[in-house]
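The whole structure should be built from the sequences, with the hints applied where relevant.
Chains D, P and G supply the protein sequences, listed in that same order. Residue 629 is where the first sequence ends in this note's numbering, and the numbering goes up by one at each step. Residue 629 is where the second sequence ends in this note's numbering, and the numbering goes up by one at each step. Residue 629 is where the third sequence ends in this note's numbering, and the numbering goes up by one at each step.
Some hints here could point you the wrong way.
Since copy identity is lost for identical chains, a pair holds within one copy or between any two.
[As the list claims (entries may be wrong)] Below, a list of computed lysine-lysine pairs in the DSSO-like style, where the Cα atoms sit at most 30 Å apart:
| id | residue 1 | residue 2 |
| --- | --- | --- |
| 1 | Lys611 | Lys625 |
| 2 | Lys485 | Lys335 |
| 3 | Lys332 | Lys611 |
These are computed hints drawn from the structure, not numbers from a lab.
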Amino acid sequence: MRFSDLARQLQSLDASSLAQQPDLDPEITAIAPIETAPARTLSYIDGGKFAKLVTTTAASALILPKDSALQQAASDRHIAWIATANPRLLFAQAIALFYQPFQPAPGIHPSAVIDSSAKLGNNPSIGAHVVIQADCIVGDDVRIHPNVVLYPGVSVGDRTVLHANCTLHERTQIGADCVIHSGAVIGSEGFGFVPTREGWLKMEQSGRTVLEDGVEIGCNSAVDRPAVGETRIHRNTKLDNLVQIGHGCTIGEACAIAAQTGIAGGSSLGDRVIIGGQVGISNQVHVGDYTQVAGQSMIHSDVPPQSIVMGSPAIPATEFRRIAALWKRLPDMQRTLRQLQKHLGG
Amino acid sequence: MRFSDLARQLQSLDASSLAQQPDLDPEITAIAPIETAPARTLSYIDGGKFAKLVTTTAASALILPKDSALQQAASDRHIAWIATANPRLLFAQAIALFYQPFQPAPGIHPSAVIDSSAKLGNNPSIGAHVVIQADCIVGDDVRIHPNVVLYPGVSVGDRTVLHANCTLHERTQIGADCVIHSGAVIGSEGFGFVPTREGWLKMEQSGRTVLEDGVEIGCNSAVDRPAVGETRIHRNTKLDNLVQIGHGCTIGEACAIAAQTGIAGGSSLGDRVIIGGQVGISNQVHVGDYTQVAGQSMIHSDVPPQSIVMGSPAIPATEFRRIAALWKRLPDMQRTLRQLQKHLGG
Amino acid sequence: MRFSDLARQLQSLDASSLAQQPDLDPEITAIAPIETAPARTLSYIDGGKFAKLVTTTAASALILPKDSALQQAASDRHIAWIATANPRLLFAQAIALFYQPFQPAPGIHPSAVIDSSAKLGNNPSIGAHVVIQADCIVGDDVRIHPNVVLYPGVSVGDRTVLHANCTLHERTQIGADCVIHSGAVIGSEGFGFVPTREGWLKMEQSGRTVLEDGVEIGCNSAVDRPAVGETRIHRNTKLDNLVQIGHGCTIGEACAIAAQTGIAGGSSLGDRVIIGGQVGISNQVHVGDYTQVAGQSMIHSDVPPQSIVMGSPAIPATEFRRIAALWKRLPDMQRTLRQLQKHLGG
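Rendered as structure tokens:
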């Protein structure tokens with residue numbers, strides 16, 4: 284489409300954005316990353332190390348921050364642009380104008396094995412080799428990709444997407460508008476064993492896992508169910524790939540948990556907590572609302588709301604950075620100590 | 284059931300336990316976690332931070348430690364209780380009285396694809412879309428959930444459970460009474476490549492993986508097979524989710540390995556080793572019997588039996604804690620050093 | 284086969300190797316690891332802690348380094364041997380003489396579901412319950428094990444192997460001679476969300492993942508696709524199990540990435556980079572050619588080529604080791620500081 288058309292659509296989403304185009308209104312045929320964008324594409328710059336690419340990119344149009352120097356640089360190169368307070372958000376909206384994600388066709392593949400007691404909603408899409416066991420309830424417009432397995436008593440809310448090869452264990456409840464990515468396992472048995480003289484005695488995991496509306500679980504992640512009660516992920520929380528959520532955890536609303544993080548049994552996050560990759564959280568601890576945890580941190584005890592923590596064990600980030608800087612100067616400190624000792628005839 | 288009936292059953296399992304009930308023998312209909320237990324449920328308190336919940340819980344009955352203050356507090360609130368030396372063990376046994384885990388019905392689903400050379404034991408349960416390839420041997424009362432794949436030459440012992448979407452590679456031997464959770468991959472090729480001028484040359488992985496009786500492997504974990512010889516996990520050892528066991532490892536009896544831990548090729552654990560989450564163990568090292576390793580530790584060299592270690596690299600836990608405390612005081616030490624230098628005209 | 288025959292075959296692969304056999308030319312029937320090798324097997328010693336096993340092994344033949352003491356020790360025990368500059372390489376080649384890896388038979392299993400628009404090459408092997416969706420292109424001699432799912436528009440190059448239960452998402456391109464292990468997920472949606480007042484807005488992931496020729500991806504690993512552009516792994520790079528590659532990453536040629544490492548969105552590795560297990564790499568950083576990263580390191584910023592780094596955050600390994608040694612001496616330093624203070628009447 285012409286840039287002028289595109290700009291009109293995006294400005295209808297963000298009334299405070301500004302658009303400017305060169306004399307010739309460029310045809311925009313695709314969206315591209317700034318490092319490799321060819322002509323006739325729209326790309327975006329959100330400041331930082333990518334800002335300098337405005338002087339070299341072949342993109343015909345850019346989404347920019349409200350930064351007059353960047354805007355001028357784009358104009359000087361005859362690049363059309365739209366400036367906005369939130370370039371990444373507008374870029375996400377622009378992608379949605381160009382890209383229609385793949386959706387499997389409605390219908391039930393004849394190779395799917397669906398128990399007669401299961402209840403399916405309107406307009407289901409159920410792929411090849413899917414297995415839906417007794418007493419499952421599947422909402423309207425749910426899309427279940429091939430080779431997914433639902434154990435008995437699972438419920439899946441409207442419009443939820445279950446990607447290929449994921450597994451939902453008995454009694455799991457998935458809300459509406461969720462996405463479960465390939466290989467994820469939801470509601471499996473928590474790691475509950477009691478040490479005895481003879482070895483480990485299994486504690487049966489009689490609870491269930493509940494995902495509220497709008498939750499997304501990454502590829503090959505696991506969300507266990509507890510011995511009693513629930514593991515619960517509140518609405519709009521997003522988990523990346525290979526994340527482990529232990530039995531009986533409670534994860535608040537609109538959290539984001541990056542890849543390979545593990546949260547041990549019985550711990551809880553407040554709302555809008557942001558966790559980096561490969562973080563470990565011990566069992567039975569609470570992380571407060573709005574807290575941010577840096578990648579590879581290890582949390583052993585409760586963290587107050589609105590903290591920013593890092594390290595293993597995790598401490599406030601400002602303190603961590605100061606101490607880590609001194610840690611790198613240990614050889615200097617050691618040298619100074621020796622000089623002082625010598626000076627004093629030590 | 285009535286509390287008095289429940290207490291009788293539990294006391295038959297633990298003769299040294301004490302039971303006390305209020306005037307009215309309460310009806311117990313379910314088991315619940317202490318934080319959210321409603322009336323007519325049995326819950327448990329194992330001391331620690333949960334002890335104070337005895338003053339607020341709505342549970343009608345509790346399993347308690349042998350702690351007279353806790354017992355008195357429960358009695359004061361007319362809560363029935365059973366006191367035992369091991370509340371968590373008795374609670375596990377109580378769950379088993381109320382909860383019957385899901386077991387798939389016996390039979391072979393018509394969509395399963397089973398090679399004619401495979402041998403099946405008595406009373407098999409083989410789910411939809413299972414694939415069992417040439418020369419596999421499946422014991423009695425084995426339950427194979429949907430979409431499981433057995434490569435050729437796999438053997439599975441009596442009563443073992445294979446959960447949906449797990450994969451057992453060629454020549455893998457699984458003992459009796461094992462549980463392989465969803466998405467786990469057993470006996471896959473070890474990561475064996477030899478660097479050459481042209482790149483990486485693949486070392487064929489001709490060995491096999493052996494799990495002895497009573498082993499449990501968590502969701503999406505991987506236990507590789509080696510180039511030659513065996514990867515072996517001895518009896519009664521339990522692995523949590525997303526654990527990686529490299530080619531040629533030997534894991535002792537009755538170990539417990541928490542989620543996201545990785546053990547590199549050729550390493551070994553003794554018996555009853557307990558490993559926290561996200562631990563890394565380098566290749567070709569040995570961890571002795573009864574050793575405990577804290578979460579996120581990294582082990583580079585042999586660890587003697589009965590050690591307690593933590594840190595990356597791991598050192599004895601008492602030493603780690605002392606040093607970590609001083610690490611946090613580096614700014615103080617730096618300040619003192621400067622004062623001393625100043626004092627000495629440095 | 285007789286050792287003399289075996290030696291002849293191996294010497295044809297490595298002309299600079301030396302062979303010596305005892306008076307009796309032993310029959311070699313299998314390959315075995317040095318720790319447990321029985322009679323009539325070939326094993327290998329590559330120096331290090333295994334060297335002393337030359338005095339106890341029951342192996343009838345050994346591949347040895349060019350080390351005259353080891354060779355003499357083997358001869359003294361009447362063990363046949365071949366000495367080479369690269370024992371591990373020659374051992375890999377010896378395994379290939381004895382071991383024929385399992386390959387599924389050619390043919391298309393009747394339970395496979397293949398869209399009529401998909402194009403299959405010559406001599407395909409497509410297992411039970413495989414799903415190949417619209418517009419996929421599968422090359423010659425490709426082997427697809429059971430329960431694999433290809434989303435629409437996937438292409439798979441000649442001779443590539445897809446192991447059971449792996450998933451290739453829409454538009455993924457896999458080169459020739461690749462191996463995708465069980466449970467791996469390629470081309471799934473990157474973790475792209477924009478924070479808004481209402482929660483997380485999903486950024487559609489319109490890009491694709493490309494694996495070039497000779498790439499190997501371990502079990503249950505995930506290689507996401509980006510919002511725009513590509514995630515690309517260059518030729519001959521090998522990933523171990525449970526590795527996470529974020530959206531938009533570029534991984535160079537002939538890299539090796541050990542288990543449970545995670546690389547966040549938009550980062551890149553040069554060629555022949557070697558990454559240990561459980562390493563974390565932040566988003567938008569570059570690691571230069573030939574760099575080596577120790578296990579459990581965390582990389583926050585660009586690393587120059589040919590570096591050797593370790594630590595969280597990662598620094599040059601020599602510096603890390605010096606500082607880590609001083610870190611362990613913090614109690615000593617603290618004591619010295621106190622003595623100096625006392626001495627000065629502090």
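Hint check results:
Taking identical chains as interchangeable, the C-alpha atoms of Lys611 and Lys625 lie at most 30 Å apart whether they share a chain (23 Å) or sit on different chains (22 Å). In this homomeric assembly, Lys485 and Lys335 come within 30 Å of each other (Cα to Cα) only across copies, at 27 Å, whereas the closest approach inside a single copy is 59 Å. For the homomeric pair Lys332 and Lys611, the shortest alpha-carbon distance inside one copy (27 Å) is at most 30 Å, but the shortest distance between copies (33 Å) is not.
Of the hints listed earlier, there is not a single one the structure fails to meet.
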